[in-house]
Amino acid sequence: MKVFTIDKKDWDAGIEKTKSSYQVFGPVKEKEWHCFKALDKDEQPDMTYTNTRLSPKFLVQPQTEPMFTYTLDESQPDHHILKEINKDASPKAMVGIRPCDASAFLLVKRNFDAPQYQDPYWLKAYNAITFMGFACNDPCSTCFCTSAGCGPFHEAGLDVLLVDDGDRFLAKSLTDKGDAFMTAAGWKAQADDAGKIEAMKHAAESKIGSRISTGNLKAKETTQIYDAPFWEDTAFSCINCGTCTYSCPTCWCFDIQDENRGNSGVRLRNWDSCMFPLFTIHGTGHNPRGAKVQRVRQRFMHKLKYYVEKYDNGIQCVGCGRCIRLCPVNIDIRKVCNLMNDYDPAACVCPA
Amino acid sequence: MIMIQQPASARLNQKRGFTVQNPYLPYPVRIDEIITETEDKNLKTFKFVFLDSKDEERFAYKAGQFAELSVTGKGEIPIGIASSPTEKGFIKFTVNKVGLVSTYLHSMKVGDIMGLRGPLGNSYPWETMEGKNVVIIGGGFAFTTLRSSIVYMLDPANRSRFKDINVIYGARSPGMLLYRDELAAWERRDDINMHITVDAANDPSWKYNVGFVPTITEQKAPVAGDDTYAIICGPPIMIKFTQPVLDKMGYAHDHIIMSLENRMKCGIGMCGRCNVGKEFVCKDGPVFTLAQLTTMPKEY
Amino acid sequence: MNLMEHMGIEPGRLQFSWISSAESTKFVDVVKTVTASVKALGPNTNYKKQAVKVA
Amino acid sequence: MSGYQNKIKEAANRLLTEGSVDMVIGFRKGTLPMMNEPCFIRRPEDVHQLVWDSNCGINLANYLTDRKEKIAIVAKGCDSRNIVTHIIENKIKREKLHIIGVPCQGMVDKRKIISLFGEEILDVTENGDDLKIKFRGCEKSLKKNDVLQENCATCIHRNPVLFDELVGELVTEQTGVDRYADVNRVEALSSQEKWQYFEDLLSPCVRCYACRNACPLCYCPTCFVDESRPQWVGKSQDPVDIRTFHFLRAYHCAGRCTDCGACERACPVGIKVRQFTSKLNKDSFEMFGWEAGMTLDQRPPLDTYKPNDPNDFIK
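Residue numbers (our numbering), protein chains in the order written: chain A, 1 to 352; chain B, 1001 to 1300; chain C, 2001 to 2055; chain D, 3001 to 3315.
None of these hints come from the bench; they were simulated from the model.
Worth double-checking, as some hints may not be accurate.
Covered by chain A, according to a simulated footprint, are these stretches of chain B (three or more residues, beta-carbon under 8 Å) [unchecked claim]: (1) 1022-1030; (2) 1065-1079; (3) 1109-1116; (4) 1189-1196; (5) 1248-1257; (6) 1267-1273; (7) 1277-1288.
Simulated DEER-style distance windows between Cβ atoms [unchecked claim]: (8) B:K1207 x A:E221: 48 to 58 Å; (9) D:L3122 x A:S90: 42 to 52 Å; (10) D:S3020 x A:K31: 43 to 53 Å.
Just so it is clear, CB atoms sit at the ideal spot from N, CA and C, and this is done for glycine as well.
Please model the entire structure based on the sequences and the hints provided.
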C-alpha cells in the first residue's frame, strides 16, 4: 500500500493519460445534478461534487441489459437457439466514486457471485472496473454511512482512495489494480505525510450526525418483525413508485424480457422493483405481495433482516441516503430501521 | 475441483470466445410429443428431447426439481419436472395454460425448437426419506413432480429403498385427473396404495373415491410416526384444509414436506422476486418442510 | 386535444375521418388524401423503435 | 399558516372524538427540511402530529382511492378538485368524506431553492411570505412567491371547491397569470424541434413511475404499461417506450387533470412532466371551456357527448 500526492495542477493531465488504457467514467454535472458518465477526450470529472443523484450501479448493472440474441426465422440453422452476446470487458476506471457506492458493489456481489451460481454479466462488468474512490470531507446531512457498515473514507471495494487536501489530492493505492491505474496516470510522488489521511478520516466521520441502530436486527424473530404493527403507518404514505429501489446502490432486482423485431430478437433484463405489484404476481392472478404494505415491508425486511440473516455480514445498505432524499413522500429508512431494531413485541401497546 | 460441463449452446458460444458457464443460457430442445391431459384441454404434457444428447446427462435431476421452459421470443416459465430421473431419452413437463408464455406454448407443435434451463431448485429430501413410509398427497394439476416421485420410487432399482407408499390424489372430476393411464396402472400394483378421489363424479362408472382430499386423507393416510413422511402439493385451498388433518393425525411438522410456487424469472436466486423471508423459492426451495415454513412469512 | 402534434408528430401524419359504410367514394378519397400527405412527409423516423443495441 | 395548522388539529380532534370519522388524512412533519409526509390519524391523542405549511404539495386525494372508511381529509384547492373527480368517477363516496378545506397560498418548490444556492438545505423557517433557509454556515432569506412550484405560481383555484369546513378565510384568487406560457412556447416550435424538446425532457427518465403513482387520477388496477397480454409498451429504457408511457398516461388524464403538480414534484430526476398534461389542460379549456374537478354536477367533456363538441379535426 502506497500513498501518493497529486498536485491538483497535475490532475487533469494524469486523468487524460489514463484514457489511453482505460475507459474513464467520472461525475459530470448534467442539467441540475451530477451523474457518472464516460468522459470524452479533455473532459474532466467534476471533483467538487457531493454525490450523483442516482447511484452509479448502472455501470455494472445497466437498467436495460441485453443477455442473448436469437432468430425466429426457421430457415436459419440456429433458429430459436439463444446466442450469447460478446460483452465489453475492456478496462474501465470509475474516478471519483464515493466510498459508499463502491462498497455497495461488494454487498451486491454476494447476490451475483454466489457459491452455486455466478452471474456472468454482472461479474464481467464489475471485474473490468478500477475504482478510484473519492473520500467525503463534507458528508450530507442525510448520510448515515458510519452506522451502516461504511464510512466517508471507507476503503472496502476501492482500488484507490483519493482524498482532497486543498491544492493537492492524496491517493492511497489499495490494490494491484490501483497501482496500475496510478502508473497509467503517471502520478509517482510519494506522500511524506501519509498519516494525514487518518486525521482527515476522523474529522469527516465526526461530521456524520445521522445514525441508525442495527445491533438487534439479526437476533429478532423474522415473523415478529414481519407482524409488527408499525408497518401500516410506515407504508401509508408510500405511493409504490420505484424511486427508492432505482436510486439505491444496493438494490439489484431485475426482470427478464424477450423483445422481438420481426424475426430477430433480444432477451434482455431490466431493473425491477419490489415496490411494483407486477414483481410478484402469479399467472393465476394471485399475488403474495398484493398489498402496498406488503411491498413496503418487503423492501425494508430484505435490506435490514433477510439480508442480515442470509449473509451474516451486515445490512444491505451503505447509508448513502439517496432513498431518503428522493422519496416523494419522505419515507425514511433510518426511521424504519430503528423501529425494526427496537421492536419489542412484548412491550408493544397496540390500540385495541 | 468441480468440472463444469458445457451445454451444446455453450459450446456453440465458446467458439465465439466465451468460457464461463452462463446460468441463464438454456439447453436447446425439440418438442417430441404433446399430450392433452385434461378434459378442459388446459393442461398439456410436453415431452422434450435435447438437441445435443449430451445435454441430457448435464441435465441430471432429482424428483421435485423444476426447470425454466424458455420459449424463444416470449420468455420463460418455471415448471416442475414431471418425468422421473429413471426415465431416459426425454424429459417432460405438464403445463397449465395461464399466462403469456404458457398460452403460447400450448399453441406450439411437435418438432418446434425451444430451450430448457435447469435443473433448478432443491428436490424432495430423498436421502431423508430412504427406508421410510412415504405418503403423497396431491390435488389438481400440482401432481407433476409427484408423478416424477412415484415413478422414481417405483423403479425396480429404487422400490426397495422405501417402505409403504401411499398416494392420495384428487381432482375436481375424473376428466381433470392427470396421467389417467398411469394412475390406473398403479392401482393394479400391490407395492403402492392408491387413493384416487374426485370432488364429484359425473361418470357412473367411476369406481374410486368421491370426496375432497382432506377428507380422504383423514380416512386413508397411514398413522403418523417417525418413519412416515408426507409430501403435499396442491392448490392453496387444499393445503389449507389438509394441513390441520395431518396435524390432528399427529404428523410432525418436519415430516410434512411441501413444494411452493412463486413468480420467478432467473430461477437461480438472483432476480429477487420469489423470496419467502430470506429464502428464495427458486434456489433454496421450492421444497420446504412445514417446520421451516412456520418460521417464514406467508408470502406464497 | 392535440398532444400528438404537440410532442412532434408532424401535422398530417395522424388524421381522423368519419366514413359510413355506404360512403365508398369518400373512403377512397380519404385514403388517397391520407396516403398522399403521409408520403409527402416521408418515413416517420422519430417515433420508431430502433433495434436493441447489443454489446 | 400556524393558524391553519391549529384549525386542522382542532377539526381532527373534534371529528375523531365525536366519532364521526374513522381516520383523518393529513400531513405530519417529515424527517427532512421542507418535506411533510402524508399520514393518517385514527386517535385523538395522535392529532398533535398534524402539520400545515408550504411543504404540503402532495395531493392527498391520491390516498382516498377505493377506501371504505369514513374519512376526514385535509384538502387545498387542487386536492379538493381531485376529490370531486374521484367522486364523479366513483372512486370514493361523498358521504364517506368530511373535507377540511385549506385555502392555499401555494407550495414551495424545494428544488428551486437547492438549484438557486447549490447547497443542501439544513433548516427552514416560514413566516407568512418570508422563508429563512439555513445552509451550512450561512442563512438566506427568500420570498415564498419567488420559489413556488410552477403550477402553484399560475394557479387560479387556490380555494377548495368542495368542503365541509374551512380552516381559514378564503384567499383572493390570482388573476392575470399566464397558465399556458410553457405550452405556448412549445407550440411555437417546429415539429422536429418539438420532438427534440420532449426527447431532451424525457432523457433522464428511469421509469420509476413516481409521476403515475403520485397522481390521484392514475388508479387503474393494472396500468397499460404493466399489461402483458397484449404488451402495449416495451419494458426497456428505449426512448420510444418511455415516450409512449408519458404521453399515453397524459392522454388518460385529459380533461381530468387539475394541474396539482404531484407528478412533477414526485419525479426523482426532475422531469417537467406537466409539459404533457398542461397542453391537454389548455386544449380542454379552449375547446370545451372545461377545468377539471370544479363541480360535482357536470361530467368531464371526454366522457360526454354534446352536439356542439368541436369536431373540425374529423375530416
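Here is how each hint holds up against the structure:
no.	hint	result
1	1022-1030	holds (count 6)
2	1065-1079	holds (count 7)
3	1109-1116	holds (count 4)
4	1189-1196	violated (count 0)
5	1248-1257	violated (count 0)
6	1267-1273	holds (count 6)
7	1277-1288	holds (count 3)
8	B:K1207 x A:E221: 48 to 58 Å	holds (50 Å)
9	D:L3122 x A:S90: 42 to 52 Å	holds (43 Å)
10	D:S3020 x A:K31: 43 to 53 Å	holds (48 Å)
The structure shown violates the earlier hints numbered 4 and 5.
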